[in-house]
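2 protein chains.
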Amino acid sequence: MNESRIQRVIGIDAGGTRTRARLAEAATGRTLGEGTGGPGNALSVPADALVRHLAEALRGALSGSPPPGGAGAVAAVVAGFAGGGPGGGGERAEGALAAALAEVGAGPARTEVRGDAEVAFAAGPGAPADGLVLIAGTGAAGARVADRRLVCAVDGDGWLLGDAGSGFWLGREALRAVLRALDGRGPRTALAAPVAELCGGLSKERVVGFAYAAHPVRLAGLSPLVVAAAGAGDAVAGRLLDRAADELAATVGALEPRPGEPLVVTGGLLAPGGPLLPRLADRVRASGLVPSSVPDGLAGAVSLARLPA
Amino acid sequence: MNESRIQRVIGIDAGGTRTRARLAEAATGRTLGEGTGGPGNALSVPADALVRHLAEALRGALSGSPPPGGAGAVAAVVAGFAGGGPGGGGERAEGALAAALAEVGAGPARTEVRGDAEVAFAAGPGAPADGLVLIAGTGAAGARVADRRLVCAVDGDGWLLGDAGSGFWLGREALRAVLRALDGRGPRTALAAPVAELCGGLSKERVVGFAYAAHPVRLAGLSPLVVAAAGAGDAVAGRLLDRAADELAATVGALEPRPGEPLVVTGGLLAPGGPLLPRLADRVRASGLVPSSVPDGLAGAVSLARLPA
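First to last, the sequence lines map onto chains R and H.
Just so we're aligned: the first sequence equals residues 1 to 309 in full-length UniProt numbering.
Just so we're aligned: the second sequence equals residues 1 to 309 in full-length UniProt numbering.
Incorrect hints may have been included.
Claimed, not checked - Covered stretches of chain R (chain H as the covering partner; in silico rule of three or more C-beta atoms under 8 Å from a C-beta of chain H): (1) 157-165; (2) 175-186; (3) 211-220; (4) 250-263.
As the list claims (entries may be wrong) - Label-pair restraints from in silico Cβ distances: (5) R:R18 to H:G209: 25 to 35 Å; (6) R:G209 to H:L307: 26 to 36 Å; (7) R:G184 to H:A213: 34 to 44 Å; (8) R:P187 to H:G273: 14 to 24 Å; (9) H:T17 to R:G105: 54 to 64 Å.
These aren't lab readings, by the way, just hints derived from the structure by calculation.
Given the structure is predicted, the values throughout are model-derived calculations rather than measurements.
We put the CB at the ideal spot given by N, CA and C, even for glycine.
Whenever a hint applies, use it, and build me the whole structure from the sequences.
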């Protein structure tokens, strides 16, 4: 068999933290190369940086296995973008993807931009076509997918109005719990020590000053403190994890789950080994759901790229 | 009696929306003149604007009754500033007040800058010296006052971390309630119609786009929508007012109230006729408290200015 006849596809998962690309054999799905670039949120990353981060990831994926006949021998590219869903930055993402593909010299027959929920769902076991997906990382959103397309979204409303149960939500609630303990509205918590270290002191002024000094979303970086405190037995931190899982389960519940249908979960809090995974599994069991945890949507993007156009 | 021998004092209430000044007779408290200027938050209003707004209010107060012997015949000025409390903008407020007094040609023997909680409390019936004060307007904060000084503050943590039960809180919760109704996590609400009008349409994209388009604090402007919807019988809006009052009562509770002690309340939500006043009164009755509602801290600033130095 002539090596140059092997059809190749590329899957891209462009998330808020990084962009990953994978080159795979179309027929078997076998991975041929992988690459990583900077953040890929289609709404929040500036256009030129978005092109650069995509190109970085693409170069990495293509470098390990230079396709015979040039990069142009890639048959299809499917890219899932955070912020690329309905009402989001789909057009920006399409423009950036086209520019990045041109930059690396790849002109695939087919390119497709998806929201992150669709590629995350397709990353589930057996690359399912219909079911539910829940992402909980910096933000939090759920969706129903039918025939591999998002048909209904719940939450994903961002840090100011929603993302209930997300990393941002946990970080903000950690600061609130410390403030409430300081002024007597809430119980004492072991979160006080790491928060004091972060804020340069344990006082309302220090905590408030820290919180308003930069973009609110960076409070997502405090969620590991909550996980650590809960693990060490702090009741307040444990209740925060419980409440976060309650919120995420409510997001799933609003999607009107059918017993036994697929529920794919991902994001820092729900990826394999993620701190909210056991709590979420407990809460959705009554609805007849068993979460399938995946590390990200990369495998899903590849699966979608391998489908016939 | 020589008119020029009458001692005069000035009280100033510098709030987030406007600055008010009152000239009064020191011996009797009789009002001799009043003036109004722009916003006076010591933390958020730029320094030059702060001086200008204070001078506007001072000119108004002094114009009605030009003091014999010149403006210099004012014995004392006490000014309460939003954002002028402990850890706040007290020094900025002092600088601005001195500049504004120089601008209007008044060089009083004594000037004093206070936080808004202290002047609001002193505005209570009988100008009390010890007790509790609760302010709920754009933000929300409670304090214990002893010997006319703040000794303990609860909440006032700002829109991102606190201000539970404030106008901002109500406005944000109104948008969240509409979003939750839209995606099935919450019940339908009559808030949908006015929110749709404000956001240019009733969809998650419109509501989210509206919320993130400008500074979060402007969402306080939505609180009248909640009051109106609750008044028209909407259960979701009514529950939001109940929850806001619960939060404010919790703030009072954290101050460890003693039965029968004064509780002075003010701010747009708790001023006379304010929408949360009956609900708050219901909730603090069990602690033996009866809220005294005052329109603002102006009378309190005058009372403090009339005290012997």
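Coverage of the stretch 175-186 of chain R by chain H, judged on three or more residues with CB within 8 Å: holds (count 6)
Can you tell me whether the CB distance of H:T17 to R:G105 sits inside 54 to 64 Å? holds (60 Å)
At a Cβ distance under 8 Å, does chain H reach at least three residues of the stretch 211-220 of chain R? With 3 residues close enough to chain H, the hint holds.
Between the stretch 157-165 of chain R and chain H, are there enough contacts, at least three residues with CB-CB distance under 8 Å, for the coverage claim to hold? Holds, because 5 residues of the stretch 157-165 of chain R bring their Cβ atoms closer than 8 Å to Cβ atoms of chain H.
In this structure, is the beta-carbon distance linking R:G209 and H:L307 contained in 26 to 36 Å? Distance hint for R:G209, H:L307 holds at roughly 33 Å.
Claimed coverage, the stretch 250-263 of chain R by chain H - three or more beta carbons nearer than 8 Å: holds (count 6)
Is the hinted range of 25 to 35 Å satisfied by the C-beta distance from R:R18 to H:G209? Given about 27 Å between the Cβ atoms, the range holds.
CB-CB spacing for H:A213 and R:G184 relative to the 34 to 44 Å hint: holds (37 Å)
May I ask you to test the hint 14 to 24 Å on the CB atoms belonging to R:P187 and H:G273? Violated: the Cβ-Cβ distance is about 37 Å, outside 14 to 24 Å.
In terms of the numbered hints stated before, the structure departs from hint 8 and from no other.
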